[in-house]
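Number of protein chains: 2
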Amino acid sequence: MKTHTLLMPLDMHLHLRDGVMLENVAPLSAYSFSGALVMPNLVPPVTTKEDVIAYKERIMASVPNDYFEPYMTLFYQNYDKAFLESVVDDILAIKLYPAGITTNSEGGVKSFDIEAMRPTLNAMSELDIPLCIHGETDGFVMDREAEFMSIYELLAQNFPKLKIVMEHITTKAAVDMLDKYENLYATITLHHLLITLDDVVGGMMKPHLFCKPIAKRPEDREALLKVALEAHPKVMFGSDSAPHPQHKKESCGCAAGVFTAPIALQVLCEVFDEFNALENLQDFVSDNAQRIYGICPEFKEITLVDLPFTVPESYSGVIPMYAGETIGWSIESVE
Amino acid sequence: MKTHTLLMPLDMHLHLRDGVMLENVAPLSAYSFSGALVMPNLVPPVTTKEDVIAYKERIMASVPNDYFEPYMTLFYQNYDKAFLESVVDDILAIKLYPAGITTNSEGGVKSFDIEAMRPTLNAMSELDIPLCIHGETDGFVMDREAEFMSIYELLAQNFPKLKIVMEHITTKAAVDMLDKYENLYATITLHHLLITLDDVVGGMMKPHLFCKPIAKRPEDREALLKVALEAHPKVMFGSDSAPHPQHKKESCGCAAGVFTAPIALQVLCEVFDEFNALENLQDFVSDNAQRIYGICPEFKEITLVDLPFTVPESYSGVIPMYAGETIGWSIESVE
Chain A
7 MKTHTLLMPL DMHLHLRDGV MLENVAPLSA YSFSGALVMP NLVPPVTTKE
57 DVIAYKERIM ASVPNDYFEP YMTLFYQNYD KAFLESVVDD ILAIKLYPAG
107 ITTNSEGGVK SFDIEAMRPT LNAMSELDIP LCIHGETDGF VMDREAEFMS
157 IYELLAQNFP KLKIVMEHIT TKAAVDMLDK YENLYATITL HHLLITLDDV
207 VGGMMKPHLF CKPIAKRPED REALLKVALE AHPKVMFGSD SAPHPQHKKE
257 SCGCAAGVFT APIALQVLCE VFDEFNALEN LQDFVSDNAQ RIYGICPEFK
307 EITLVDLPFT VPESYSGVIP MYAGETIGWS IESVE
Chain B
7 MKTHTLLMPL DMHLHLRDGV MLENVAPLSA YSFSGALVMP NLVPPVTTKE
57 DVIAYKERIM ASVPNDYFEP YMTLFYQNYD KAFLESVVDD ILAIKLYPAG
107 ITTNSEGGVK SFDIEAMRPT LNAMSELDIP LCIHGETDGF VMDREAEFMS
157 IYELLAQNFP KLKIVMEHIT TKAAVDMLDK YENLYATITL HHLLITLDDV
207 VGGMMKPHLF CKPIAKRPED REALLKVALE AHPKVMFGSD SAPHPQHKKE
257 SCGCAAGVFT APIALQVLCE VFDEFNALEN LQDFVSDNAQ RIYGICPEFK
307 EITLVDLPFT VPESYSGVIP MYAGETIGWS IESVE
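Sequence lines, in order, name chains A and B. Residue numbers for the first sequence follow the working numbering, so the first one is 7 and each next one is one higher. Residue numbers for the second sequence follow the working numbering, so the first one is 7 and each next one is one higher.
Same chains, same names: a pair is fine if it fits in one copy or spans any two.
Below, simulated DSBU-like cross-link-like pairs (lysine-lysine); rule was C-alpha separation at most 35 Å, straight line: (1) Lys169 to Lys87; (2) Lys186 to Lys232; (3) Lys116 to Lys178; (4) Lys254 to Lys116; (5) Lys186 to Lys240; (6) Lys55 to Lys87; (7) Lys232 to Lys116; (8) Lys178 to Lys232; (9) Lys178 to Lys8.
Simulated from the structure, these hints should not be mistaken for laboratory data. Because the structure is a prediction, the values reported are computed rather than measured.
From just these sequences and the hints, can you work out the full model?
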């Protein structure tokens, strides 16, 4: 029997939603993670200091103790510097969505007009507020992320002091970008380490594995797995765990998102163990993020063990990845 | 108001299933088509003369009149010549499935051992029985058809007198093969003229557009559209209309298949009209197939008109393409 202990695990890309869904899913992340970067794509999106504070309060009210830190984000707009100064202590990052590219992103950026964005991005650089980006164009679904690389390059070159996080990367093209620009970082989800488009539509069609960006080709997954397993210093774990009610997944028009929060650490242990890389998992799920974002989460120690765990069929009506299946690792204790 | 008349339209790739489903869907094809090449992937598959005759009788019993000819197929196995001679008058073609590649194909070909297949394929050449192939490897979902081209080439070269039909082609790679080998032909579905992977998983995930082979890239669709609109002499319409009950489409593991039989001719008129190619539609939906297969369907005349038609939400529990939407052409009369 093998155990592995993780200190202050962090989920640097998480959807907690709001209302009843928030109350159902927040405790699942709070149980095993010290903190999470909380996405701002509510309806309407989080765009004011009051929104941030109120949403953080609703999150804290939904988790059973205070051992969980919701790192808050604003939904990107061309904010002025005075506003950013007023909110800098309440947020950890600003999240940019191209308009209409994913769930609740309608109010996002319609065109990457660098001159229009320059005052905001300069202020963010000065205030050291990282810019997190959902990097997809509106092109053909398999090309969207690769096509977005030129926008990452434009931003990285124009704002060399701005920390830019390429969120939930899915392609070798994005992995290759990490070593090209000092100020580009990335999060990687659990599911993109595990699946390709084959798993989504190669056999039966699997709505619970449908997400944006869509899972890509085998060579893309290999590239992601490589930098995750070696805990490349610019790569962080971000689950992009995205709960939807079952009826919105199993229907004529299935919503995008894979729900992994409650099983993420167990499956990461299984994957890293399989590749004899468990010693790098701490960096991938916490230390890299602490260094990149300059954060110090409260102490939490999770011990995992290689004992099988049968994943519930549903968590309050949300179907998790591996629902009903048995995974190889479980959580032994949380302190 | 514009009308367009089609004579003896043929659907050269159709799934009619069996039992209640057969009774529900066969009349829909029989209404607007003179005949259809009926796929043999029942459970168990159609592999004997008795199977063929009995299945044809069940089909005929399901359609309201005798103006519809089910052109029967056998499920490919390494049959001997004596058997093929005994069944040649009962079938129009033999359909080959790689094992496990799509719905009910478990009993298909496990490896393309040309020497093992040679006696059967030689006999088929001599008896002039076309070989219809679901041409996909078990590779990455977007590559499966392109990877299969080498097998088409191997077969086309080894059996130059065998008519080989590349079924439901979805790629430019397959289109390019048509002019390379005299004995290669192809069917094209309605949906592959209309959709790409973007329509399946680019926005919301659409289970009712999920099919095998999966819809490919925009440049693939363009290549298909070009040879369909010009009614390339080696290309035939084959809907691959594949009914599944709604619950098998909108679920955790959605079955592959788009149900288009009842709307195929209307939408083909709309597409060909849009591209000013209506004069080629007769070749695409009938004359090419009559020449390639050497068949003379019974007389049927369908007149279509460019009046809007609202597609039913469901046909006996099977959700058609464009369910609930309005298409631009309707059937005016059938004689």
